[in-house]
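Both chains are sitting in their own frames, so use the hints and assemble them into the complex.
Here's the letter readout for the chains.
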Amino acid sequence: MAIRKFLSTAALAGTVAFAGLPAQAATLDDVKAAGELKCGINTGLPGFAETDDSGNWRGFDVAYCRALAAAVLGDPDKVKYVSLTGKNRFPALQSGEVDILSRNTTWTFSRDVDLGFTFIGVSYYDGQGFIGRKALGVDSATGLDGASICIQTGTTTELNLADFFRVNGISYEPVPIETNSEARAAYEAERCDVYTTDASGLAATRTTFDDPDMHMVFPEIISKEPLGPLVRQGDDQWADIARWTLNALIIAEELGITKMNAKSMAGGSDNPEVNRLLGSEGELGAMLGLDGMWAVRAIEAEGNYAEIFDRYLGTSTKLGLARGLNALYKDGGILYAPPFR
Amino acid sequence: MRVQRIWTDERARGVILQLLLILALLLVLAFIVSNTVANLQRAGLASGYGFLGSTASFDINQRLIQYDSTSTYGRAFVVGGLNTILVACLGILAATIIGFVAGVMRLSRNFFISRIVGAYVEFTRNVPLLIQIIFWWVVILALPKVRDGISFGDTLFLNNRGVRLPAPIIEDGAGIILVALALGIAITWQIARRARKRQDETGQIFPVVRTGFALIIGLPLVTYFLAGSPIDFDIPVAGKFNLKGGFNITPELVALWVALSTYTGAFIAEVVRAGILSVGKGQTEASGALGLRPGLTMRKIILPQALRVIIPPLTSQYLNLTKNSSLAVAIGYQDIVSIGDTIMNQSGQALEVISIYMLFYLTISVLTSLFMNWYNARIALVER
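Residue numbers (the working numbering), protein chains in the order written: chain A, 1 to 341; chain B, 1 to 384.
Honestly, I wouldn't trust all of these hints.
To be verified - List time: in silico SDA-like cross-link candidates among lysine to any residue, alpha-carbon distance up to 25 angstroms:
| # | chain 1 | residue 1 | chain 2 | residue 2 |
| --- | --- | --- | --- | --- |
| 1 | A | Lys-87 | B | Val-309 |
| 2 | B | Lys-145 | A | Asp-211 |
| 3 | A | Lys-87 | B | Lys-145 |
| 4 | A | Lys-87 | B | Leu-40 |
| 5 | A | Lys-87 | A | Glu-188 |
| 6 | B | Lys-145 | A | Ser-181 |
| 7 | B | Lys-145 | A | Phe-209 |
| 8 | A | Lys-87 | B | Phe-360 |
| 9 | B | Lys-240 | A | Met-216 |
Said to hold, decoys possible - To give an idea of the interface, some chain B residues facing chain A are shown, with a C-beta separation under 10 angstroms as derived from the structure:
| # | residue |
| --- | --- |
| 10 | Asp-59 |
| 11 | Arg-75 |
| 12 | Thr-202 |
| 13 | Gly-203 |
| 14 | Gln-204 |
| 15 | Gly-246 |
| 16 | Ile-249 |
| 17 | Glu-252 |
| 18 | Val-329 |
| 19 | Ile-331 |
| 20 | Ser-347 |
What the hints assert, rightly or not - Some residues of chain A that are not near chain B, with every Cβ distance over 10 angstroms (derived):
| # | residue |
| --- | --- |
| 21 | Ala-26 |
| 22 | Asp-30 |
| 23 | Lys-87 |
| 24 | Trp-107 |
| 25 | Leu-136 |
| 26 | Glu-158 |
| 27 | Ala-162 |
| 28 | Met-214 |
| 29 | Lys-224 |
| 30 | Thr-258 |
| 31 | Gly-279 |
| 32 | Gly-292 |
| 33 | Tyr-329 |
Keep in mind that the hints were calculated from the coordinates and are not lab data. Where is the CB? At the ideal position from N, CA and C, for every residue including glycine.
Here chain B stands alone, though its shape is the one from the complex (with noise of 0.2 angstroms):
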């Protein structure tokens, strides 16, 4: 094939300009890592992964797993790593609620709920998170202090250092209530699908939320008390600076929680509202002509297919969430980047801790997009 030809060959030109500009990318590439590397050891500084095996020496005040100042730099990413995970998930959870409840009610034909949640999604939607946050932080630091703070029973103490609950203390036999848990929701799940089966079926309604509740909470509780009470609880007791014993909630835990849940579930409710919108008002009509009331209209046919318009974008928002986390350090909440920048700061390993952080937000993300598409996928209008 002569030259010319190639060149005036569509195919084959297009994959010449893809190798060229893959070269040029490879060169740009080398330079940058070359130039890092020449920059690093003129510096002095060493760099690899290997410092993760030293000794932290600073403590954590919110430890899912063990941790103490003599743990390593590794084992304080993973606390804080999990700290992160705390956040995102329970964030996560409440932004649902509130994001589907203030989606559907912004719709509500009441005109001040309407406009109240629209107050709502305008104002949180339009004030920097970060404010938010700290805004938070600084309502919960005005709380009563420890000395005066407010009590429910003397069991659950509320004041500007958190919330202190009592901690279950675990004794040799409560394995059995765990399986009592576990048997509780696999029966649940059983009599749901019954349940489902036979309104199909035979159109009868078998009350399954009711039922369920019931086995869930009501079989461990039975099995609690029948094995003689093997959990025990440490009830919080003033000392002398701080409540002793119990399980603390801190501060900085809730303002991030709240804010974090408060924002994402203003961009929830609007991808909500444009989920329900998208559903033709025909499917309203026709389900008000079957004789369904407006609740069930809502929860059986309009919410099923808006969930398909809805799923995308709030997939978005949950990595939204996930990653805004992050701005704990403002408020000195514990999560990865707060622990990462004080090792960082120790150890001087900039670039691998950044990377870290990087590869640790990757993976989340990229672990909630897969199980959101998976969930999509279920849910998709099967076409025909």
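The shape of chain A in the complex, shown without the other chains (with noise of 0.2 angstroms):
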């Protein structure tokens, strides 16, 4: 006992002891006083979050980044990207490094109770399947018996793989690769028969092989994969300030409220929740410690929820996704904001 002790207050010694205390009371207060929002995002997921030629950060994850640095500093551009490989994200958040992780992270029930986390909301429905080449001649993931598998380790993927396998009774060879590109490599040069990991990540790294023809997603999904953001559990103002604002992006959709038209629309209309959420009227703003035009600028950052879909992951961009699980719940999906009252 007296030794275990030692040893985990010697392994405390280096890596916690002085990392300085993690600002769990007040994040808005030290986003404030830094003047930039530490998002950390992946890096590299086309879509989600890669560079442009410029070497700017783009996609759907960043673009939440961008809006709720526009809702909590007034300025988009005050994002500063920390790029996170599925090991690191959870330390980084956990140690303050970064102040919202924005990175394709499957909520569960353990990250969120046990790690200590926060889980803000759904950003993306989504689930794991499979990319194999069509010249294997399998078209469902139960005919995958003794294949080699890619994974990215430390993931939700690596866990549902092992399931899926252990109920279907088949067997299969784990290649756990630590980053995505990686795992493309592995993959293209034939170290695995079939690549594993969330749908939306499959279309998206389809798209980078050189002829994305050659390979098909199975039909099968094999989990449920919620993909948010989240914060550090124990700052209650931090998180409804992130989930607010990602409820607006939501429900501007719904209202037809526009990157466009928000600022027009936030000088009064006619519907009532238009006018709490932009701010015309009641002082919603003001309960989350922002101002009153917090959400007019987290729209006018990217758009609603909508716009910053098509723009990096609906069907005229590379990827193709259709909305799917992702539309609003009047159109079929499950996407749905709880009212601004």
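Printed below as a string of structure tokens:
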């Protein structure tokens, strides 16, 4: 027991002790004082977080960071992006290296409860799928007995994969790789027969292949992967700001508020919910610790949810993802923001 | 004793200063511990090693012991630890051979041999190990794909998913083969002892190496056939995706092994060269004067004396190799760090996992050092 104590103490000394106290109580004040939002994003996943020709980050996850920065700091460009792998994303958030994690992270019980995080909502309803060469002659994941499968380590996909194969009583060789780009390289070198990750990630990765038509995404979706941003547990005000910024983007689509018309609608309309959201009625902004125009700025950063989705993921992009589950509840999806009241 | 006299007393002053230093260190330690505990509690993170008993729920592709996704985190750690030990042992063996051969060759009087070895040593020592590991991995991935892999007599297969060998299937009565092997080794050892004694007394030489080989390989082989072939071989056959059956050596293991052995081998070559150069030239000349051939001079005169200089730095190289094996994580070889990182991510027990890493590497390093120190003491020059 004494030895155990000593060892854990020694380890603690190296990692946490000098990291300083993570600011639990007032992330908002810290962000304002720093003048920038530290946002944890993917190391590179087309459509979600990628750099453009001039080196700026863009994508679905990045757009959320920009909206949040606009709501809190008044400027969508005041974001410091921190690229994180599947493995180091959680320690980065725990230690305060980032203020928020917007990195295709699956909301699970143990992450929410045991790891000390608060998931602030779902920005993308996803599920785990497989991609393989058409030449394999396999059209279903259950036909993968004996295959080598590339996976990203430290993800829920690693666990789902083990469950799926165990339940179906078939065997496989896992090939664990740290980042999406390395996993893609291993798949392209045929180190593995199929690559598995979230279906959106597969669509994104497929676009980067030399000949995308030689590969097919299998029809099975073997898990639920609700992806969303998360913050450290214990700062309710910051979690509320993050949660309602996401909700503002979703409800803006429902109410027809866009990047172009947000400012003019903020002048007042005959819809009281629009007025409450955009600050011409009520004090919603002040309740969050922000000013009345926070939602206008968030929507103006990259547009409402539909605009963001269409720009980075939708059918007109190279990813070509349909809205599917991610359509509004009115349109047959399950996207649903609580009322702004 | 008056206060002033304590202060002027050199010994007492020393003791007091040391006590103060220890006190200060303890205070710093106490601060670190309390600060950390407070931070962990504030973050709502549980601590302790209870998580080791929970189900791991992920798979591992290289298992030296029984493991599946329903096993515990603790067992996953053991699997990872054994994978680290496997690559470290293989690496130490290969690096030692490469190092001794290269070290001797670098001192060769043949210009080309010494220069080629020199180029190998300088190149390998000066390129970061991580890059070399990834290089070898990429080279192996560039091997023929699994469907057009190279086959040696339809029993041994080579492709970019590794080397697949026939796996032995132990049947009843196979134990006697192990007994035969043990017997072969024991007899060889006895013969070697007798031969040395006889050579010391009479000067007659007995061919120990050849006899030993014949015994160690021949005895089990003869037993195998006499016992009616109790070991069967599971020969790999082509499956739908991969070769099925047999035993697979993964590309990650091969890449890591090659990279670690060539990298550390270059350092050992320099250690060996230094050791040989430390033996006086007179020894070679005296040996030549007695009529010993150069090869024999190296084996019997120079190397035994050089070893005294070689062993201590060689130990460091062994420790380096073992610790460097943690770079495996870059190419997905599932060593203790790779598996531990996954566990850290799934369970959130970062500090506990890191403490396990530290304890593991510390234990291995201490054991290696103890063994090498024992060996060093054994070969040390007996001074009179």
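Hints versus structure:
Only pairs whose Cα atoms come within 25 angstroms are accepted, and Lys-87 (chain A) paired with Val-309 (chain B) is rejected, the gap being roughly 44 angstroms. Simply put, Lys-145 (chain B) and Asp-211 (chain A) have alpha-carbon atoms about 18 angstroms apart, close enough for the 25 angstroms limit, and the pair holds. Taking the CA atoms of Lys-87 (chain A) and Lys-145 (chain B), the gap is near 30 angstroms; set against the 25 angstroms cutoff, the hint is violated. With a C-alpha separation of about 19 angstroms, the suggested pairing of Lys-87 (chain A) with Leu-40 (chain B) holds against the 25 angstroms cut-off.
Distance hint between Lys-87 (chain A) and Glu-188 (chain A) is fulfilled; the C-alpha atoms sit about 23 angstroms from each other, no more than 25 angstroms. Distance check on the hinted pair: Lys-145 (chain B) and Ser-181 (chain A) sit about 20 angstroms apart at the alpha-carbon level, within 25 angstroms; holds. Between Lys-145 (chain B) and Phe-209 (chain A) the CA atoms are separated by roughly 18 angstroms; this keeps the pair inside 25 angstroms, and the hint holds. About 21 angstroms separates the Cα atoms of Lys-87 (chain A) and Phe-360 (chain B), which keeps this hinted pair within 25 angstroms; it holds.
Distance check on the hinted pair: Lys-240 (chain B) and Met-216 (chain A) sit about 18 angstroms apart at the alpha-carbon level, within 25 angstroms; holds. With a least beta-carbon distance of about 5 angstroms to chain A, the hint placing Asp-59 (chain B) at the interface is held under the 10 angstroms criterion. With a cut of 10 angstroms, the hint placing Arg-75 (chain B) at the interface with chain A is violated, because the nearest CB-to-CB distance is about 14 angstroms. Checking Thr-202 (chain B) against chain A by beta carbon gives a least distance of about 56 angstroms; that is not within 10 angstroms, so the hint is violated.
For Gly-203 (chain B), the interface hint is violated, the least distance from its beta-carbon to any beta-carbon of chain A being 56 angstroms, above 10 angstroms. Against a cut-off of 10 angstroms between C-beta atoms, the interface hint on Gln-204 (chain B) is violated, since the closest Cβ of chain A lies about 56 angstroms away. About 13 angstroms separates the beta-carbon of Gly-246 (chain B) from the nearest beta-carbon of chain A, more than 10 angstroms, and the hint is not met. Checking Ile-249 (chain B) against chain A: minimum C-beta separation of about 13 angstroms lies over 10 angstroms; hint violated.
About 8 angstroms separates the beta-carbon of Glu-252 (chain B) from the nearest beta-carbon of chain A, less than 10 angstroms, and the hint is met. Annotation: Val-329 (chain B) was flagged as interfacial toward chain A, and the flag holds, the nearest CB pair being 7 angstroms apart, inside 10 angstroms. Using the Cβ-Cβ criterion of 10 angstroms, the hint placing Ile-331 (chain B) at the interface with chain A is satisfied: the shortest such distance is roughly 8 angstroms. Evaluation of the Ser-347 (chain B) hint against chain A yields a held restraint, the C-beta minimum of about 8 angstroms falling below 10 angstroms.
For Ala-26 (chain A), the requirement that its beta carbon stay farther than 10 angstroms from each beta carbon of chain B is met, with the minimum near 13 angstroms. Residue placement check: Asp-30 (chain A) keeps its beta carbon more than 10 angstroms from all beta carbons of chain B (closest about 15 angstroms). Consistency note on Lys-87 (chain A): stated as away from chain B, yet its beta-carbon is not over 10 angstroms from all of that chain's, at 5 angstroms minimum. No beta-carbon of chain B comes within 10 angstroms of the beta-carbon of Trp-107 (chain A); the shortest separation is about 15 angstroms.
Not every beta carbon of chain B lies more than 10 angstroms from that of Leu-136 (chain A), the smallest distance being close to 7 angstroms; the non-interface claim is violated. The claim that Glu-158 (chain A) is not at the interface with chain B is violated, since a C-beta of that chain comes within 10 angstroms of its own (minimum 5 angstroms). Non-interface call for Ala-162 (chain A) relative to chain B: violated, since the shortest CB-CB distance, roughly 4 angstroms, does not exceed 10 angstroms. Against the 10 angstroms criterion, Met-214 (chain A) stays outside the reach of chain B, whose nearest CB is about 14 angstroms from its own CB.
For Lys-224 (chain A), the shortest C-beta to C-beta distance to chain B comes to about 16 angstroms, beyond the 10 angstroms cut-off, and the non-interface label holds. Interface exclusion of Thr-258 (chain A) from chain B stands, the closest Cβ pair being 39 angstroms apart, more than 10 angstroms. The Cβ of Gly-279 (chain A) sits about 34 angstroms from the closest Cβ of chain B, beyond the 10 angstroms cut-off, so the non-interface label holds. Here Gly-292 (chain A) stays apart from chain B, with its beta-carbon at least about 33 angstroms from theirs, past the 10 angstroms limit.
Look at Tyr-329 (chain A): its CB is around 33 angstroms from the nearest CB on chain B, clear of 10 angstroms, so calling it non-interface holds up.
Violated hints, listed in ascending order, are 1, 3, 11, 12, 13, 14, 15, 16, 23, 25, 26, 27; each of the other numbered hints is respected by the structure.
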